[in-house]
Amino acid sequence: MSASDPLLRVAQFALAFRTETGLATVLDGVDLEVARGEILGLVGESGCGKSTLVRAILGLMPAGARVLGGRIEFGGQNLLDLDEAVLSRDIRAGRIGFIPQDPFQSFNPLFRVGSQMLEIMRWHAPPEIGRSRSAHRARLLELMERVRIPAPDTALKRFPHEFSGGQLQRLMIAAAIACKPDLVLADEPTSALDVTTQQQILALLEELAREMNTAVILVTHDLGLVAQYCDRVSVMYAGQTVESFSHKRMLEGVRHPYTRLLLDCHPDRAGALRGIPGIVPGIARMPPGCRFGPRCPAVLPICSTQRPKAEMLEADHSVQCWAVSGSIAARVPADA
Amino acid sequence: MSLFIVRRLLLAIPALFGLVLLTFILIHAVPGDPAAVLAGDQATPQQIQALREHYGFDRPILEQFIRYVSQLASGSLGVSYMTQRQISTEIIERMPATFELTLFAMTLATAIGIPLGVISAYFHNRWLDHVLRIISIGGLAIASFWLAIMLQFTFSMELDLLPVHGRLSQGLTPPPFVTGMIVIDSLMAGRLDLFRDAFAHLILPGFALAVAPLATIMRFTRAAVLSTLRREYVFYERAVGYPRLVLMGKYVLRNSLVTPVTQIGLLLGAILGSAVVIEAIFDWPGLGSYAVLSIATADYQATLAVVLIVGCVYALINILVDLVHAAVDPRILEQL
Amino acid sequence: MHILRLFARDRAALIGLVIILFAILLTIIGPFIVPYPDDAFEANILSRLEPPSWDHWFGTDDFGRDILTRVILGTGNALGVAVGVAAAAMFVGVPLGLLAGYHGGRFGEAVMRVTDVFLAVPSLILAIALAQLLHAGIGGAILALSLTYWPHFCRNVYSETRSAKTATFVEALESMGAGSTRIVFMHILPNIASPIIVRVTVGLGYIIMTAAVLGFLGIGVPPPTPDWGAAIANSRQHLPEAWWLVSFPGLAIFLAVLGFNLLGDGLRDIIDPRLRRAR
Amino acid sequence: MRLGQVILTLFLAGTIIGSPARAADYQRNEILNWGEGAADTLDPHTTRSTTDVTAKINLYDTLYRYDGLDLVPSIATGHTVSDDGLTWTFNLRKGVKFHSGSELTAEDVVYSFRRLIGMKQAPAAPFWPILKSENISALDQSTVRMVLDRPYAPFLAAIPLVGIVDKKLVESHVSGNDWAATWVAGNDAGSGPYRAEPDGFRPSQISKLTWFPDYFLPFPAHPIKQVNITTIKEATTLALALLKGEVDATDTRIGAESIARIRKGENVKVSADESMRTFVLTMNNARPPFDNIHFRKAISYAFDYDGFINKLREGTVVRNPGPIPQNLWGNPKDLVPYKYDLTKAKEELELARKDGVDFSRPLTVYGFTNTRDTYLSMQLLQSNLRPLGLKVEIKDTFFPNLASMAANQSTAPDMWFHWVSAFFIDPSNWIGEMYDSQFHGTWKGSAFYKNEKVDALLRQAIVLNDKEKRRALYEEASRLIVADAPALWIYNAIEYRGLNKRVDGYKFSPVGSGADFRLMSLSQ
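Chains as they are written, first to last, in my numbering: chain A, 1 to 336; chain B, 1001 to 1336; chain C, 2001 to 2279; chain D, 3001 to 3524.
With the rest of the complex left out, here is chain A (with noise of 0.2 Å):
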């Protein structure tokens, strides 16, 4: 695998829901990339797919979902590809870590931390942390130590319930790269906990992140916190991914009206925005054409009735947007 192949990449990934009324689109040419030791961004409201498509890449889409087109390649592998038990036994944990939303309620309740994240490992370790439990224990007490929980060896004996928020997701963390994956997941991975703790947690998987180079999909509705931790980001919109652009075009580069709406103003702890006027589209009456349409303050005409289409504006930057590629038309004769 040469340098510039990404290690994730989702390409014009759609799929649908079976629902009463027939099948519903819920991500619908969906476009990402992730390289190694990258860490991206996914920026959205609440309901824009965002979950779904971590889901998706973890093949754990719900019954009923039905995968419409498009790839997800893993390390080369199309993972659209892959059976269940195939992924279960190969791919998540092992190569693919996930830290959840909402740690009170991923843990489970009836189990100690250390055995269910022991668990993790009995399955998924790789060979040179070793195949013994006592190695496997090691390996944890060590990641413990990493993301500070105080006296790992008691805790590792108690139950969920003993333990705080801040604390549950640094073991959520732990448990995440403790098969040395490739790339994590983290959805929402601090949406359920206070501001100052956010910081600490992100700092934290940022750190370790960065030190075992791991890749990262941060899946989150804050841009702020993108902007501190993130090499770039892709910003979906009701099934779409309709800007990517890296880190450093943040602050002045970015051109969907979205996204600037989104960098505008501070999400709430629900993830509704209150800058931006209106809601996203359920599934079952996506708009034609434009799907921010009807709530862009800078729409057209043509974005009631045509889809606008991916543009790469540069090399690190690529947007869907009549506004901006009528912009870009606009330019290319007086270029030509």
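None of these hints come from the bench; they were simulated from the model. Quick caveat, the model's predicted, so the values are computed rather than measured. Using N, Cα and C, we set each Cβ at its ideal position, and we do this for glycine too.
Just so you have them, the derived chain D footprint on chain C, three or more residues with Cβ under 8 Å:
#1 2208 to 2221
#2 2229 to 2237
Below, a sample of chain B positions facing chain A; criterion: calculated Cβ distance under 10 Å:
#3 His1124
#4 Phe1235
#5 Tyr1236
#6 Val1240
#7 Tyr1242
#8 Arg1254
#9 Arg1331
Fit chains B, C and D to the supplied structure of chain A, relying on the hints for placement.
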């Protein structure tokens, strides 16, 4: 925890007292007593009256009740009018038979019902689930006494595969009394021949008794597993690649156990009632047939004793259910 | 309408409903359509124990009576007992549960302890004792079963009332000074009607089953009134030979209980959305 | 797991009991498996059921015993009775040993009779009204005297009811004035041909007996050395157990269907012996409309006796014409039973109507819960009375209730079906206790029949010791009673017992149903 048990035991006493009072009143609500039977076919009215006075049947009901309760308080269940023996002796002789039968039936119901419930939930809305649901709803509608007769008819009378009645074949001496349950005692005595024989006797009545609880356990397990499967932590466990069998058989199962365990507790109470009929059909010398016998012979003290014992067992089962809940769920354990 | 549509899609519940409607129909028109209407009472000892034939589809019993006739006539009896018991149990259990749940406190505690006592009695043993004390007769069986069944209603209504009581509309009514009786019966009761309906439906199947057990033990409805449980009990004497005696009454019990269970399940799924997706 | 320990401890705490000593193992042809059902109690002084009697006659001895219908000396060698019929002196056999090893003496006999009367239970019934404890005495080691309050003809016939217990052994278990009832109920204090195995007895479940080789009467060449008595309640199951060889004998109430099944089986046989167990529909003569003789006769003619006996009971019982079993003396040989005759029934009903009897109300008939014969007969009666325009309601309850109800004139049923069994063989057991008006207030007297002439005849018969004179009196009373139709006498039972062909020496007795194991042996 021992404090909890003691407290629960103490709380059971008023309820048991109420139970005795209730039964006592009901039994004495109508005139009629065993004196006419005890005195025999040839007795003169004077002799019947003398016997009535001897037993105190002519005393006011309140006086009889006080006498009965003080007798209970002194630790005696009284003497059976019909056999003249200590009722406690008779109950100790018969209780193991009922325990053997009901425990076997419940073990059967649990051992089959829980896995089937899990399977049904796992294959939710697929054909296997539908088949299992039809079986379970049908199992609930079959009258156990009818099933018992049909089983007896088919397997004992027509096919001659299994014994028709009783706990042990004619001519076999039961093993030394340890628990009173022949299947267990015979194993403890190392008598495999007796074990095989006793077990063969247990199959038909046990199965007839097990069908309804089996169906109930299956339904509740299925519902519980389905609701567990929707939990975040199950998604997490899948996302970190727990193998399917480990996930279902260890984690999901344990999280789904609270509901079936509660049901098992309730069913143990109910099954003692069904045992009345099954014991009658298979000549099983247990508490159920003792209850019927005592009612048919107006042996009131014996009837009261059975009701009291069953009430105690019921109370103990309830405590046991709470303890099992605590064993399953550490959060409950903390509250004990 | 939404509920009806949901219901119509639930094939199992529909089957249950059809079975029950069929049973009700048989209860009403049964006496007019049975092949041998006199067979409820008349012994024809010359034609006893005949196997199923064109004349007697289900065969005849040990009195020479047509089993099909008696199974059909037994339907009304089974439904009658079930409805009677359910009505009596509700008559006691629902108001008690409502009041205990609404007022709570010592009174509620006391009521719950009493139901504990009743629930701790093995219901079948209590029913046997009562039925024999009250002597035979449909009234005795109904009373015995009602006495063992009302606590289930009481329990259910109690917990439903407890949760309904916290609803805002109740607080609003209280602040408006509405009388507690009025609140309980005019406002809370309609709100908890759905779980009660489910409970009754499932309960009817359970009562039919228990009544059949009483009949089997010989303490249900007195002969010659057709009774499924009693018919099975009397068939045992003739068992290895006359299989038809035991089979058909047993199937009748099975169908009736199945009908109520299916319907109850369906209703529960529709009424209780928490469980709907669990189907 | 801890939970398992808790459960185990619970069981152990409740149920630790020493294991019984193993009896010597016997050969297959020395072990009899008796399927009649285990006794409720081993106490010979509380005997009620035939299963109790089986225990009593094998574990205990009596002064006299029944050999078929004949009374023969057993522990007693003979007796004398004073001319006034009050003083009875019994001479005892010497050298009879209890199972405990001590010798049976007059003291034991006296104690046994006193215990019987003191406990006031079923077998005391014939003695309780006529014999006081203080009037029983030992004249010496081997002579016992009893002085009755008034003459009582069936006295000797009732003597086999009383088992003789080991006084010393029983007294050692007495607490208070309980007569050691609890201990004797489950243990053996007898001198009979068989001993009860310690812990081998569970009331109405199982009982295990082993032979007593020192018994004073001989055993056959190949005696039965062990008897396992088991209880199988359902007739079908019992018949099946016999056919499979699990038991060697059934009880005698297995029903026509099972008898037919056994008759077809191999290696099994059926013994049929007419018993003295009559089946009766008693009417409450004190309550209208049953106080009218024509009404009672109408019912007597309306019941299909033949259909019941030959169809429903498949000929396994015989018609009994009057109050006394037709195979016992005192029943007139020429007594004509009522027949099923609807014309006559309608005539009698017409006569009753002319007498102004109102029979519009529904009549109630009672039977025993779960008892097949009463269940069949009640439905037949209901069906039979319908053509007469009489409506019958069927009810049932268990025996204790019905016995209490029937004892009281106001609560006694209109009609009820019941049996009258033999506890000792004397006509007074049937006719005397059922139709002598001094027995009103007992369930047997529930016809509440009162005929002064009958009363006089019966009271005369009870005090006479001359059997021929008594026979004449009972025959005359029988005719009078039948003419008054206070009840429907339906059948006298034939006791059918399924037996394995290997059982030899089975001999039926109306008292105790023939389970005299000492007389039997096994051919294989």
